[in-house]
Amino acid sequence: MSLGYAYLSSTPLALRAQPLLDRLRDELGESCSLGIVDDDQVCYIARAEVSRIMSIALRVGSRLPLYATSMGGVLLAGMAREDRAAYFRRTDLVARTDQTETVPARLQTLCDKVAEEGCAIIDQELETGLRSVAVPVFGMTGRVVAAINVGTQASRVSLADLRTQYLPSLRRCARELTATGLV
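According to our numbering, the sequence shown is numbered sequentially starting from 875.
Quick caveat, the hints were computed from the structure, so don't treat them as lab data. Cβ atoms here follow ideal geometry from the backbone N, Cα and C, with glycine treated the same way. Be aware that one or more of the hints could be misleading.
Stated by the list, open to error - Pair by pair, the computed Cβ-Cβ distance ranges are:
#	residue 1	residue 2	range
1	Ala1034	Pro886	32 to 42 Å
2	Gln982	Asp913	17 to 27 Å
3	Pro893	Pro1042	11 to 21 Å
4	Gln1039	Thr965	24 to 34 Å
What the hints assert, rightly or not - Result set (EDC-like, lysine to aspartate or glutamate): computed pairs, CA atoms no more than 20 Å apart in a straight line:
#	residue 1	residue 2
5	Lys987	Glu956
6	Lys987	Asp997
7	Lys987	Asp957
8	Lys987	Glu975
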């Protein structure tokens, strides 16, 4: 486990992202993460956490399903439609909450919307009480190579606040990371 953490947290992308995530966390007062696709899951490669009594236990190396997470939504939206369809065919789409979408055709439509809007917002699809918003990080070729998100408690932050207060800062952070030319 410690070898995996050391490897993931020492990649050039993770090293460049960490101070940006730390700054974003301090600005928003919320935990922020950077993830990539690995073995059909979101793999966390950098994270800046806030200290709270009740916090989500995610660390570098944590893995979550693409279809039920904001970073996963962004990463899926960056794939070709055929690649997404193949992912939906081979993945066991389990409802994590009563909000989780598990119908492949509707998930495809949601991914198209995420690609168009340039962000993904989940509202308690992964876990009851959890909301998050994610945006893509683009590589030098213009392809989505990673995603950055901010996660929060639904009881503290409205969906409107995610869009108006958190999303602009998140987009700025992603642009700064993309501009480094490391991705």
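Here's how the hints hold up against the structure:
{"no.": "1", "hint": "Ala1034 - Pro886: 32 to 42 Å", "result": "holds, 36 Å"}
{"no.": "2", "hint": "Gln982 - Asp913: 17 to 27 Å", "result": "holds, 21 Å"}
{"no.": "3", "hint": "Pro893 - Pro1042: 11 to 21 Å", "result": "holds, 19 Å"}
{"no.": "4", "hint": "Gln1039 - Thr965: 24 to 34 Å", "result": "holds, 33 Å"}
{"no.": "5", "hint": "Lys987 - Glu956", "result": "holds, 16 Å"}
{"no.": "6", "hint": "Lys987 - Asp997", "result": "holds, 16 Å"}
{"no.": "7", "hint": "Lys987 - Asp957", "result": "holds, 17 Å"}
{"no.": "8", "hint": "Lys987 - Glu975", "result": "holds, 14 Å"}
In this structure, every one of the numbered hints holds.
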